[in-house]
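From first to last, the protein sequence lines stand for chains A and B. If you want our numbering, it's the 1-based position in the first sequence plus 1344. If you want our numbering, it's the 1-based position in the second sequence plus 1344.
Not one of these hints is a red herring.
What the simulated footprint calls covered on chain A by chain B, stretch by stretch (three residues with Cβ under 8 Å from a Cβ of chain B suffice, anywhere in the stretch; the number is not a length):
| no. | stretch |
| --- | --- |
| 1 | 1351-1361 |
| 2 | 1424-1430 |
| 3 | 1436-1445 |
| 4 | 1454-1461 |
| 5 | 1469-1477 |
| 6 | 1497-1511 |
In silico DSSO-like pairs for lysine-lysine, Cα to Cα no more than 27 Å straight-line:
| no. | chain 1 | residue 1 | chain 2 | residue 2 |
| --- | --- | --- | --- | --- |
| 7 | A | K1509 | B | K1350 |
| 8 | B | K1492 | A | K1473 |
| 9 | A | K1350 | B | K1509 |
| 10 | A | K1505 | B | K1473 |
| 11 | A | K1431 | B | K1419 |
| 12 | B | K1473 | A | K1497 |
| 13 | A | K1443 | B | K1419 |
| 14 | B | K1473 | A | K1443 |
| 15 | A | K1431 | B | K1375 |
| 16 | B | K1350 | A | K1443 |
| 17 | B | K1443 | A | K1419 |
| 18 | B | K1431 | A | K1350 |
| 19 | A | K1375 | B | K1350 |
| 20 | B | K1509 | A | K1473 |
| 21 | A | K1509 | B | K1473 |
| 22 | A | K1505 | B | K1350 |
| 23 | B | K1431 | A | K1419 |
| 24 | B | K1505 | A | K1473 |
| 25 | B | K1505 | A | K1350 |
| 26 | A | K1492 | B | K1431 |
| 27 | A | K1492 | B | K1492 |
| 28 | A | K1350 | B | K1375 |
| 29 | B | K1431 | A | K1375 |
| 30 | B | K1505 | A | K1492 |
| 31 | A | K1431 | B | K1371 |
| 32 | B | K1431 | A | K1371 |
| 33 | B | K1350 | A | K1431 |
| 34 | B | K1443 | A | K1473 |
| 35 | B | K1431 | A | K1431 |
| 36 | A | K1431 | B | K1492 |
Since the hints were derived computationally from the structure, they do not count as laboratory data. Using N, Cα and C, we set each Cβ at its ideal position, and we do this for glycine too.
Number of protein chains: 2
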Amino acid sequence: MGLFTKDIATLDDLFVHQLQDIYYAEKTIIKALPTMIGKATDPQLRQGFETHLAETKVHVERLERVFKMHGQSPKAVNCPAIDGIIKEADEVSGDVANKEVLDAALIASAQAVEHYEITRYGTLIAWAKQLGRNDCATVLQETLDEEKATDHKLTSMAESKINRKAA
Amino acid sequence: MGLFTKDIATLDDLFVHQLQDIYYAEKTIIKALPTMIGKATDPQLRQGFETHLAETKVHVERLERVFKMHGQSPKAVNCPAIDGIIKEADEVSGDVANKEVLDAALIASAQAVEHYEITRYGTLIAWAKQLGRNDCATVLQETLDEEKATDHKLTSMAESKINRKAA
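One chain only, chain A, in its complex shape:
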């Protein structure tokens, strides 16, 4: 957005800005996941990350659909939050000497990513409804449901196996 102008005047502007932010975030996650897949040792965890990579590509397509439904061209704006979350994931995983402990660290990083997406999609859905765009809210809800399901799967995998192997 502008450095010297205040570009967000309405809730609609804020909704579009937030769409652009999560569009950048989803594309950044697509770039980051192959590294996480490469670092994971547990086959179920690797498979979970691979499934989520495929899902994330669909999330990008859904966002492009919402942009169009809302009369906007898809556009990404910088999202320092996801950049920070991914940077932290890289730093921590680079510091772990043991591959079972690394799996536990990778799950924690992936859940930080999921929670960022959960909060942003939750907000976008509330704003879409307030703006009378239940059609956009419905599409965004599909992605939110998948992000929450991924987070629960990661919790279950961590608590049933990965943390025990790491301890």
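Given the coordinates of chain A, assemble chain B onto it according to the supplied hints.
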């Protein structure tokens, strides 16, 4: 952590590193909240942020207690994730021209912060239990419960009032 050494060899090391990360994050939130309070217009939202500032100071004290229970001196390590989330909050709020829309943006930013804390405390509690430290898990759970309650209060305030005023 070390640039040329892998300092995290065990799940216990990872637990302590994550404690140091969230300790930095909580202290960063204490510095950021007064700015958010100053920008908020709705009196209930301002009051909500003020209450959360007081709670966050208790969260820092609880973390110091957990460090000591675990035989560690309280120490903060850089947390690029929270830095990115706060940077994004500052950038977006600086771009909003209307005070009702700004309140909606501030709630969204606060919920991004809450979700970061929710994921980190959730992970810390799972790791503490795996390490046989139910005593640490119990203290961390008190904070997690408060973070979740704050997130729900913010959702409720956004959906019942703030988003409608912004639209």
